[in-house]
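Chemist: 181 is the number that UniProt numbering gives the last residue of the sequence shown; the numbers go up by one with no jumps.
Now the in silico label distances, taken between C-beta atoms and shown as ranges:
#1 ASP84 - GLU44: 22 to 32 Å
#2 ASP135 - LEU41: 14 to 24 Å
#3 LYS148 - LEU41: 34 to 44 Å
#4 MET152 - VAL69: 24 to 34 Å
#5 ARG153 - GLU42: 38 to 48 Å
#6 THR113 - VAL69: 18 to 28 Å
#7 GLN77 - ASP106: 34 to 44 Å
In case anyone wonders, no lab produced these hints; they're calculated from the structure.
Virtual Cβ for every residue (Gly too), placed ideally from N, Cα, C.
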Amino acid sequence: MSNFLPVNDPMYIHDLVTATSSSSDQSTEMVETQAMEETMLENEENSPEATNKAYSPKIKEFQVWCDDVYRHSSIEQRFTVTGDKLYLFLKTMVINRVSRRSDQEDRVIQLATIYKHVAAITHYYQAQVSQKTNDHPHPRSACIAILKTCRMREENAGTVGELDTLIDDYTTTDEIASLSY
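With the sequences and hints as input, model every part of the structure.
Modeler: Structure below.
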């Protein structure tokens, strides 16, 4: 049995509109808020299980970090996603972190993992915006430079072993011949 109100029922909507038209703006606002919360719950329930499974630990990690770093802020502001918080979280907790996988203990996490953290926290931000608890600008724009730096670092790390090989764009026969010795 669902806890949702029958928002798809035309009679329910008619009765709701009739009842709220005579009430104050405050009760209309409450109905709007309730409808948005219902939609959020529906979206969360209907979102792919893999998305929830992938995002939940990253969002939880962000919340624990916020609770520690911003413990002197109010509860409302502590967990609000902002560009500055996302940037600082990435810089201090994610980028250059050693992989948590046991078979890759000495390896720094890859760019794809960093992007997954950004996607999860952006998803959390979008939930806050839809609940009207966050009116800050989109947080990803504050992280463009650091993400670009990570991408360039990863690209450069991949080409270090390719110097003086056929893969590093030697095109003339003289250059290729000089490598064959």
